[in-house]
Amino acid sequence: MFHIYCPHCCEYREEEEFHASGQAHIPRPLDPDACTDKEWGEFMYFRANPRGIHHELWVHGAGCRKYFNITRNTHTYEILEVYKVGEKPSVVANEAK
Amino acid sequence: MQHYSGFGLLKHSFSHHENWQRVWRNPTPKKKYDVIIVGGGGHGLATAYYLAKEFGVTNVAVIEKGFLGGGNTARNTTIVRSNYLWDEAAHLYEHAMKLWEGLSQDLNYNVMFSQRGCLNLGHTLQDMRDIQRRVNANRLNGIDGEVLDAQQVKEIVPVLDCSDRARYPVMGASWQPRAGVARHDAVAWGFARGADTRGVDLIQQTEVEDLIIEDGTVVGVRTARYGDIRADRVGCVVAGNSSVLAKMGGFELPLESHPLQALVSEPIKPILDTVVMSNQVHGYASQSDKGDLVIGAGIDGYNGYGQRGSYSTIEHTIQAIVEMFPVFSRVRMNRQWGGIVDTCPDACPIISETPVKNLYFNCGWGTGGFKATPGSGHVFAASLAKGEMHPLAKPFSMFRFHNGALVDEHGAAGVAH
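The listed protein sequences derive, respectively, from chains F and G.
Counted from 1, the first sequence has number 84 at position 84 by the UniProt record's numbering; the numbering is strictly sequential.
Counted from 1, the second sequence has number 206 at position 206 by the UniProt record's numbering; the numbering is strictly sequential.
These are calculated hints, taken from the structure and not from any lab test.
Fair warning: this is a prediction, and the values are worked out from it, not measured in the lab.
Misleading hints may appear alongside valid ones.
[Claimed, not checked] In silico DSSO-like pairs for lysine-lysine, Cα to Cα no more than 30 Å straight-line:
(1) G/Lys394 <-> F/Lys38
(2) F/Lys38 <-> F/Lys88
(3) G/Lys247 <-> F/Lys88
Could you put the whole structure together from the sequences, leaning on the hints where they help?
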């Protein structure tokens with residue numbers, strides 16, 4: 001059960017007020033007419049699914065109804081930071097494989 | 001292999017059941033195999049079994065990081081049905097259903113497959129239209145199915161609240177008489193025993209840390225415990241961890257891993273002799289032979305690898321069950337757990353070649369993989385043996401997300417999520 005800090009309401013609320021909306025920071029294609037089927041497929045269906053640090057979009061559906069981002073560990077479920085849409089995360093995964 | 005029979009049981013009773021053979025070996029892996037299967041769950045073990053039995057490929061290893069059948073095979077609600085809407089999915093699940101029907105005899109292992117029927121309830125006019133469409137599609141595909149009205153549902157499950165006082169009154173249901181439940185652990189153990197007997201090495205407690213890829217071709221796997229193990233072909237059947245393995249292969253899969261929870265009650269006397277599912281109030285239940293109610297929930301909305309979910313999801317599930325079965329309102333729940341399900345955008349699996357040569361993936365079964373265990377294993381084994389995808393697996397290529405040929409079973413197939 002998550003206790004989530006909404007950066008718009010500036011307070012902690014229970015998970016049930018929120019809804020997870022999947023991966024954050026998915027840019028729309030800059031030139032849609034030039035996209036191949038593969039690029040469209042990846043934009044539509046392929047999502048980061050890491051076991052570890054994940055940036056995700058949440059909506060405070062039963063509260064202010066605004067979107068914001070969470071950086072969360074998908075293995076331990078620990079919420080590492082909460083930040084507004086348009087901001088950059090300060091906690092990022094170490095991409096070295 | 002020691003043959004199991006009633007006579008054998010009697011014979012061993014004279015020696016206090018102390019002389020049964022070990023069911024499978026615990027071998028040290030060889031340096032090289034024809035096929036390595038990563039993941040020793042139901043689907044992986046079934047793949048190994050059919051590879052050895054049907055396709056004569058016995059130089060096979062199954063590599064499992066924990067113990068056999070300890071992931072989602074041990075965590076599901078054991079429901080088996082094949083009433084899917086679209087031809088591609090219906091054929092695949094019906095292929096599995098036909099294998100289920102002879103599985104205990106085939107394996108000489110009682111998987112306790114009980115064809116007690118499955119009801120998918122309809123609570124709205126749209127539900128009923130969808131049910132009619134799906135049952136008609138099923139029948140055209142040779143899959144049994146009937147559309148029932150509320151009165152007929154009541155006759156099958158007297159304890160179900162079919163009154164018009166319910167918050168979401170039951171208007172009817174689809175009914176698949178051949179559907180049912182099976183003993184989940186026995187399925188894994190039966191396949192493991194059958195595979196081991198035919199020479200497959202089952203390597204437990206061994207985590208695959210990397211895939212060895214040379215010139216775009218997979219040539220083996222790297223493990224911490226036994227070093228490199230080489231193979232001509234590698235099949236990954238690792239459910240929730242598929243994305244992690246795909247990343248080792250240098251590509252991505254259109255999967256998201258979510259926690260899916262289930263729970264069982266204390267054992268009670270026989271009261272529910274079929275499977276009841278409802279998409280609308282979002283819960284499903286059956287009763288095991290031991291007497292406990294086996295109850296399933298929806299997935300938790302966030303990505304998670306933790307094999308646990310949120311309490312609110314359990315609460316919503318219990319609300320749904322009590323809504324359907326007011327008589328269960330005072331039954332106490334015994335245990336609750338979560339598995340990691342790898343969900344696909346179209347709620348259908350991926351049984352596919354990959355951008356890496358000789359590397360195959362069988363994943364994306366999401367919330368409903370158990371029912372497909374024998375069928376999934378069979379078509380994946382055929383594909384691994386021949387190096388070419390089985391006709392039933394072809395529509396489930398991972399490249400369908402590039403060309404748009406999705407098999408959209410979301411909400412269409414009585415998929416309860």
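- So which of those numbered hints doesn't the model satisfy? none
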